[in-house]
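*Asks:* Hey, can you work out the whole structure from these sequences and the hints?
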Amino acid sequence: MARLTTLPIEIINEVIEKLEPIHRLTLRNVSRNFRTAVDSHGIGCEEAVMSLRPDNKVVLTIDGEQVVPFNNLDVILKDELDDICVVFESEDQEKRRNLVKYLASTLKNLENLENLCTVRNLEFNGLKALEILLLLPFFNVQGSLHIERITGVEKLEELVQLSQWKKVSRLNWYNQTVNVALLGNFFHIPWFYIVVDSFSVDNAVGIRDDLLKNGSFQYCYIRFPDMEMNIPELARVFKPDYTDGESFEYGHAFTVTLNSSSFCIRRNE
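Per our numbering, the very first residue in the sequence shown carries number -6; after that it's consecutive.
A couple of the hints might just be wrong.
[To be verified] Result set (DSS-like, lysine-lysine): computed pairs, CA atoms no more than 30 Å apart in a straight line: (1) 148 <-> 232; (2) 232 <-> 206; (3) 160 <-> 71; (4) 160 <-> 94.
In case anyone wonders, no lab produced these hints; they're calculated from the structure.
*Replies:* Here's what the structure looks like:
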């Protein structure tokens, strides 16, 4: 009986074709020939999730299956994936720095091979603006970019200048305060929730005149410090005959809800 490692390349390719992605990674570690064959064929997964868990354990999963070891990441990212998610749940700053450094190095190697990491949908969850800034330039996002649970705003001014920032389609920034002067950098996003350090009539005018011209806009919620403000003056930016109430329609397309600490507007279904 022929040894597995001496099979003709045609047979090896047939074997690889029938294997699930997780098993292709296992086969890749059998020999140099198998590694070359698998790398040529591709891993073939659709989704990759890279996680730094609360216990500081770094975990990589593809299509719901955990991958060991983590150093298979480069060959996984060579394929065009449907979904990539990077999740940080640990507050250990050294662990975070080391993982960002490793991810950036791996992605940089792909770039050196003239191959940005192409993905249909990308999500960053629990990262700081600085961490996203270091990773995002290496991705070629074809579809949507989701940013959830931002944990730090340092370098936000630089992050919003990246060309990839225009790909953001959902942003949930509820636990960090953003300088309201940067509010206009969010107006291309169809769905976002942010906390700003203040809010004024001028900001409301900007939302009316700029944000609502975004044909894909669906929802925004803006929270700010509870302050004494002229609610009727804010409301009349959208409804000149406003008299009272927290919620009202703007035209027939949108519903506005506001009070002394938040502003919300959503497109009506």
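*Asks:* For a C-alpha distance cap of 30 Å, please report whether residue 148 and residue 232 respect it.
*Replies:* 37 Å, violated
*Asks:* Taking only the CA atoms, is the gap from residue 160 to residue 71 under or equal to 30 Å?
*Replies:* 21 Å, holds
*Asks:* CA of residue 160 to CA of residue 94, is that 30 Å or under?
*Replies:* 23 Å, holds
*Asks:* With a cut-off of 30 Å on the C-alpha distance, tell me whether residue 232 and residue 206 pass.
*Replies:* 17 Å, holds
This entry does not satisfy hint 1, going by the numbered hints stated previously; all others are met.
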